[in-house]
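For the record, the sequence lines run as chains A and B. The first sequence maps to residues 69 to 381 in the working numbering. The second sequence maps to residues 64 to 352 in the working numbering.
Derived from the structure by calculation, the hints contain no laboratory data. Treat the hints with care, since some could be wrong.
What the hints assert, rightly or not - A few chain B residues that face chain A, going by a derived Cβ cut-off under 8 Å, partial list only: (1) Leu-180; (2) Ile-184; (3) Asp-189; (4) Leu-235; (5) Ile-237; (6) Arg-238; (7) Gly-313.
As the list claims (entries may be wrong) - Derived Cβ-Cβ restraints for the label pairs, each shown as a range: (8) A:Arg-292 - B:Glu-297: 42 to 50 Å; (9) A:Gln-75 - B:Ala-245: 30 to 38 Å; (10) A:Arg-293 - B:Arg-81: 43 to 51 Å.
Glycine is no exception: its CB is placed at the ideal position from the N, C-alpha and C atoms.
Take a look at the letters that make up each chain.
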Amino acid sequence: MLRYILQRFIGMIIVMFLVVTIVFIIVRVTPGDPAAVMLGPEATAADIAALRQQLGLDQSIPVQYVYFIGNLVQGDLGQSIFLDQPVLQALAQRAEPTFFLTIFSLLIASVIAIPIGIYAAYRRGSFFDQAATALAMLAASIPSFWLGLILMQIFAVRFGLFPVSGYGGPGTSLTERLGYLVLPAFALGIVSSALIMRFTRASMLDVLGDDYIRTARAKGVDERRVVLKHAFKNALIPILTVVGLTAAVLISGAVVTETVFGLPGVGSLVVSAVLRRDYPVIQGALLIIAALYVLINFAIDMLYLVVDPRVRY
Amino acid sequence: MTEIMTNAPMSERSKFFRVLIRRKTVLFGLMVLAIFVVLAVFAPLITPYAPNKLSIVNRLKPPDMRWFFGTDEFGRDVFSRTIFSARLSLMVGFAVVVLASLIGVTLGILAGFFQKLDAPITRLIDAMMAFPDILLAIALVAALGPSLTTVIVALSIVYAPRLARIVRASTLVIRELPYVEAATSLGISTRHIMTRHILRNLLSPILVQGTFLFANAMLAEAGLSFLGLGVSPEVPTWGTMIASGRQYIGKADWMTLFPGIAIVLAVLSLQMVGDGFRDLLDPRLRKDL
Numbered sequence: 069m070l071r072y073i074l075q076r077f078i079g080m081i082i083v084m085f086l087v088v089t090i091v092f093i094i095v096r097v098t099p100g101d102p103a104a105v106m107l108g109p110e111a112t113a114a115d116i117a118a119l120r121q122q123l124g125l126d127q128s129i130p131v132q133y134v135y136f137i138g139n140l141v142q143g144d145l146g147q148s149i150f151l152d153q154p155v156l157q158a159l160a161q162r163a164e165p166t167f168f169l170t171i172f173s174l175l176i177a178s179v180i181a182i183p184i185g186i187y188a189a190y191r192r193g194s195f196f197d198q199a200a201t202a203l204a205m206l207a208a209s210i211p212s213f214w215l216g217l218i219l220m221q222i223f224a225v226r227f228g229l230f231p232v233s234g235y236g237g238p239g240t241s242l243t244e245r246l247g248y249l250v251l252p253a254f255a256l257g258i259v260s261s262a263l264i265m266r267f268t269r270a271s272m273l274d275v276l277g278d279d280y281i282r283t284a285r286a287k288g289v290d291e292r293r294v295v296l297k298h299a300f301k302n303a304l305i306p307i308l309t310v311v312g313l314t315a316a317v318l319i320s321g322a323v324v325t326e327t328v329f330g331l332p333g334v335g336s337l338v339v340s341a342v343l344r345r346d347y348p349v350i351q352g353a354l355l356i357i358a359a360l361y362v363l364i365n366f367a368i369d370m371l372y373l374v375v376d377p378r379v380r381y
Numbered sequence: 064m065t066e067i068m069t070n071a072p073m074s075e076r077s078k079f080f081r082v083l084i085r086r087k088t089v090l091f092g093l094m095v096l097a098i099f100v101v102l103a104v105f106a107p108l109i110t111p112y113a114p115n116k117l118s119i120v121n122r123l124k125p126p127d128m129r130w131f132f133g134t135d136e137f138g139r140d141v142f143s144r145t146i147f148s149a150r151l152s153l154m155v156g157f158a159v160v161v162l163a164s165l166i167g168v169t170l171g172i173l174a175g176f177f178q179k180l181d182a183p184i185t186r187l188i189d190a191m192m193a194f195p196d197i198l199l200a201i202a203l204v205a206a207l208g209p210s211l212t213t214v215i216v217a218l219s220i221v222y223a224p225r226l227a228r229i230v231r232a233s234t235l236v237i238r239e240l241p242y243v244e245a246a247t248s249l250g251i252s253t254r255h256i257m258t259r260h261i262l263r264n265l266l267s268p269i270l271v272q273g274t275f276l277f278a279n280a281m282l283a284e285a286g287l288s289f290l291g292l293g294v295s296p297e298v299p300t301w302g303t304m305i306a307s308g309r310q311y312i313g314k315a316d317w318m319t320l321f322p323g324i325a326i327v328l329a330v331l332s333l334q335m336v337g338d339g340f341r342d343l344l345d346p347r348l349r350k351d352l
């Protein structure tokens with residue numbers, strides 16, 4: 069088992085290294101001089117040269133790469149040009165809305181999807197099952213930013229139940245701030261519930277056909293207990309996987325949704341960085357989010373070892 | 064002669080399509096898609112107004128018999144613009160499917176067929192898939208500068224690894240089948256085996272994944288356009304229409320409502336068709352063929 073953990077760990081490090089390299093390449097494929105692009109048409113040659121030096125662009129590509137890795141190892145993601153602060157600090161300041169938005173959306177998605185998935189599998193082929201499958205397909209076809217706007221139109225503009233956009237001023241309490249997240253979280257949660265529902269249903273169908281379920285029923289175990297205790301417990305692993313991966317997908321869904329609701333999170337930071345060509349910020353955000361994804365994947369693999377005694381390598 | 068014709072066994076392909084369209088959801092999906100294609104191709108003939116025709120006196124008019132979907136902040140006809148947008152969305156979706164398939168299938172077959180290439184390609188795929196799709200697309204567009212070509216290239220780079228992973232898995236299975244072994248022992252060239260014997264059998268998974276990829280590419284393109292990172296703002300797309308409608312929430316809801324419904328319908332129909340393909344092509348689910 070130790071060997072398996074070690075193997076997975078080394079695999080993760082290699083992927084992480086590739087992720088870093090890909091980010092390095094993406095930011096450097098910009099046609100023309102990134103320093104000139106960032107400063108705009110009014111910049112003087114001296115300004116451009118200064119920025120090139122500050123960003124290390126006057127060095128050769130391999131030297132830039134070595135510096136890049138060296139800085140990363142020290143936890144230095146560079147300096148934002150427009151915000152005039154370290155990228156890591158800028159990201160940390162914007163992390164709160166994105167973090168809570170991701171957690172809320174995941175909760176909403178799971179609360180909607182898991183019970184529906186279980187019941188749809190239990191009543192396979194019924195009207196409920198067909199309706200649930202059709203609704204899941206519909207939910208997966210809706211752009212979350214559009215659903216956000218529709219929810220905003222109905223619940224914020226028409227009924228005034230929730231704030232339209234923003235995240236409150238500096239003095240706003242946490243509960244008040246969370247009120248701003250209700251609509252965006254529902255928009256993201258509803259859209260991502262589709263995948264979780266499909267996985268729950270498929271995973272439950274797999275388990276419900278197993279022999280031990282028939283045995284449990286033959287023994288006269290209460291039906292509810294059979295489904296929720298015997299079957300669901302064993303169907304949980306693929307469901308956990310998809311919930312974990314959805315968390316990573318939600319972070320990217322947040323990019324667009326945050327823009328819709330004017331939330332000052334990591335997503336809107338990235339979008340404004342792209343519009344301002346603030347490459348260090350784009351680079352930093354990409355790295356952090358991809359690293360999170362790789363870590364979540366690794367954590368899920370490790371969770372398998374704990375949850376499923378059958379997984380022994 | 065007639066008798067022979069009627070008794071002739073139906074080809075596998077026509078049987079496949081007959082079963083396919085017997086499913087209501089697939090039939091619905093195919094019909095909606097066909098309508099979108101017709102609307103996109105014949106947009107100039109169908110639409111009552113030119114998509115960029117300004118009419119400031121008629122700005123923000125609600126839907127009625129003159130403007131079916133109302134007008135936007137410049138008095139442009141939302142109905143005409145929604146139909147013209149189908150052109151770009153379908154084109155981007157299709158181009159991404161073609162380009163991503165070319166890259167993804169090549170990488171997938173190489174990884175699945177040659178053991179030495181498997182580890183490096185698989186790691187690369189894993190690393191590429193660590194980036195959430197829209198975020199990677201945003202970064203690529205930021206690096207290359209927003210344009211139609213960039214959007215297509217960026218989305219193809221984003222989705223190719225997803226396809227490569229599936230192609231690799233299928234190739235690994237097919238490679239071990241007796242007929243491939245037979246072909247190898249007969250001395251048939253590796254290239255011939257890869258294109259003739261393996262690629263052909265990969266068509267089903269590629270078809271299924273390609274359909275879903277089409278849907279995802281359309282959603283991603285709408286997201287990019289919404290953020291102002293897609294094609295130039297003068298070209299009507301569903302994403303840019305929703306972005307401009309966002310300023311008029313509560314005042315001119317039709318500006319966001321109709322382009323959004325168009326996206327949902329287009330993506331939903333692709334998902335229905337993709338689902339139908341998958342069910343029919345999966346031998347475990349293929350009871351009625």
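How the hints compare with the structure:
1. Taking 8 Å as the C-beta cut-off, the interface hint given for Leu-180 (chain B) is violated, the closest approach to chain A being about 15 Å.
2. The restraint placing Ile-184 (chain B) at the interface with chain A is violated, with a minimum CB-CB distance near 11 Å, outside the 8 Å limit.
3. At a threshold of 8 Å, the smallest CB-CB gap from Asp-189 (chain B) to chain A is about 5 Å, leaving the interface hint in force.
4. With its C-beta approaching chain A no nearer than about 18 Å, Leu-235 (chain B) sits outside the 8 Å limit, and its interface hint is violated.
5. A cut of 8 Å between beta carbons decides the hint on Ile-237 (chain B): the least distance to chain A is about 24 Å, and the hint is violated.
6. Contact between Arg-238 (chain B) and chain A, as hinted, is not supported at the beta carbon level, the nearest pair being about 23 Å apart and thus beyond 8 Å.
7. At about 4 Å, the closest approach between the beta carbon of Gly-313 (chain B) and any beta carbon in chain A falls short of 8 Å, and the interface hint on this residue holds.
8. For Arg-292 (chain A) and Glu-297 (chain B), the hinted distance range of 42 to 50 Å is not satisfied, since their beta carbons lie about 60 Å from each other.
9. One distance hint, 30 to 38 Å for the beta-carbon pair Gln-75 (chain A) and Ala-245 (chain B), holds here, with the actual separation near 35 Å.
10. For the pair Arg-293 (chain A) and Arg-81 (chain B), the beta carbons lie near 45 Å from each other, so the given range of 43 to 51 Å is met.
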